[in-house]
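Colleague: Residue numbers (our numbering): 187 to 561.
These aren't lab readings, by the way, just hints derived from the structure by calculation. It is possible that part of the hints are untrue.
[Said to hold, decoys possible] DSBU-like mimics (lysine-lysine), calculated; alpha carbons at most 30 Å apart, straight line:
{"#": "1", "residue 1": "Lys267", "residue 2": "Lys418"}
{"#": "2", "residue 1": "Lys518", "residue 2": "Lys506"}
{"#": "3", "residue 1": "Lys418", "residue 2": "Lys391"}
[What the hints assert, rightly or not] Across the chosen pairs, the derived CB separations fall in these ranges:
{"#": "4", "residue 1": "Gln357", "residue 2": "Tyr486", "range": "20 to 26 Å"}
{"#": "5", "residue 1": "Ser468", "residue 2": "Lys506", "range": "51 to 57 Å"}
{"#": "6", "residue 1": "Glu469", "residue 2": "Asp383", "range": "43 to 49 Å"}
{"#": "7", "residue 1": "Ser468", "residue 2": "Thr362", "range": "41 to 47 Å"}
{"#": "8", "residue 1": "Asn470", "residue 2": "Val369", "range": "44 to 50 Å"}
Quantities reported herein were computed from a predicted structural model and do not represent experimental measurements. Glycine included, each C-beta is placed from N, C-alpha and C at the ideal position.
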Amino acid sequence: GVRALRAGEEATTTTAHEALRVRSACAVLTRLQSLLTTGQPWYSQRRTHIAALLTTLVLCVLSILYPARNVDPLVNVPSKKNQASRRQFLQMACVHYARELALADGWSRLSQPELSAALKWSLSSLQAADDAVRLGGALGVNSGSDTGVGSDAHNAFMYSAGCPWRSNFTQNSVCTISTRPGVQIHGLHGLLILFYDAVNNVLSKFQPTNTSDYSYLIRDPTDGPMASTEVKLSQSRLALLSSDPDLAFVLESFEGDLQTALEKIQDVMNAEPEELFVQLHSENRLLYGVFVAQACVVFYFLVFRSTVRASKGEAALIRKFVERLPAYVMDKQGIEGVRSFFERAEYSMLLTDEYLLALPDDDDPPPAGAPSSAV
187 GVRALRAGEE ATTTTAHEAL RVRSACAVLT RLQSLLTTGQ PWYSQRRTHI
237 AALLTTLVLC VLSILYPARN VDPLVNVPSK KNQASRRQFL QMACVHYARE
287 LALADGWSRL SQPELSAALK WSLSSLQAAD DAVRLGGALG VNSGSDTGVG
337 SDAHNAFMYS AGCPWRSNFT QNSVCTISTR PGVQIHGLHG LLILFYDAVN
387 NVLSKFQPTN TSDYSYLIRD PTDGPMASTE VKLSQSRLAL LSSDPDLAFV
437 LESFEGDLQT ALEKIQDVMN AEPEELFVQL HSENRLLYGV FVAQACVVFY
487 FLVFRSTVRA SKGEAALIRK FVERLPAYVM DKQGIEGVRS FFERAEYSML
537 LTDEYLLALP DDDDPPPAGA PSSAV
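Between the sequences and the hints, there should be enough to build the whole structure, so can you do that?
Modeller: What follows is the structure, encoded as structure tokens:
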């Protein structure tokens, strides 16, 4: 019984010692790993490599996504240019229908209600197209020319004081039109507002009481009684074209300042895609250059090459340590393993198969003349 009791106490003591040793070993390994990690140079630490790789990835993605923000404005350009061209056509249509409504001579093959409806539709469509070009958000135009690339040149043409479309234009110059004496023009937008007011005044003066709906805008000339209506020019109505100030202003706009300004603004808008492409190309080259510089300079030269150089230095120290080991304390397999791991040209030439076969076994004493250490 005494022996069994002592054996149990010894077993318990041994188990406690083993548990303490295991816990101590884990603590020692954790502490050793912490010391090794802390003692590493900055370029060989894991967080440095992770940060460099993440920076490379972010720059790679940014060089693609950031210039891609100009894709939407590029897609928006055709719709905006279409509405700008439509604006120019609708302005000419307003002049035509206003003239025919005032003359009422039958040459247009449209009745007075139809001419009035056509003029109303053209005017409302002109205002909608102008708003879409300037402000966007309608008629397929996502963003207008008042904002974005090329907005400075567009806004200067649309809203600055004076008439920028004239060859003698100077900044903040006074601009007037002969059919609107005393009225100073403030850019194309101010001229369009005067045109809208003049067309509305023509409608209020000459539209009949039984105005047709817009649906009568498209009409076959052979339909209805207007096909056989007598065409007769009225001299009194013809004189209104020059005597009425609103009619005179509208007719002058067919080939005057308004038509010239609408043609010039087209040139300003045509330059917008080129500016977008230049900005897209310059940003892409800049970001790609930063990405290449970061990948080559920071990641490759500072981090990667420094780590490889430090690893080669550690390998050289270990190789020197292994070369100092006595050859006769290692068996053939051990020497072969060391040679395969720290292989160099000189070391491989020395440790040939013939040399390894000439080495004694572990139990045999070393023969006379055997080398005491590996070279």
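Colleague: All hints are to be evaluated individually against the structure, with a verdict given for each.
Modeller: Quick rundown of the hints versus the structure:
1. Straight-line distance between C-alpha atoms of lysine 267 and lysine 418 comes to about 40 Å, which puts the hinted pair past the 30 Å bound.
2. A C-alpha spacing of about 20 Å is found between lysine 518 and lysine 506, which places the hinted pair at or below 30 Å, so the restraint holds.
3. In summary, the hint linking lysine 418 to lysine 391 is supported, as the alpha carbons are separated by about 21 Å, within the 30 Å threshold.
4. A C-beta distance of roughly 53 Å is found between glutamine 357 and tyrosine 486, which places it outside the suggested range of 20 to 26 Å.
5. Between serine 468 and lysine 506 the C-beta distance comes to about 54 Å, which sits within the given range of 51 to 57 Å.
6. As the Cβ distance of glutamate 469 to aspartate 383 is approximately 44 Å, the hint placing it in 43 to 49 Å holds.
7. A hinted range of 41 to 47 Å for the beta carbons of serine 468 and threonine 362 is consistent with their spacing of about 42 Å.
8. Against the hinted window of 44 to 50 Å, the Cβ-Cβ separation of asparagine 470 and valine 369 comes to about 48 Å, which satisfies the hint.
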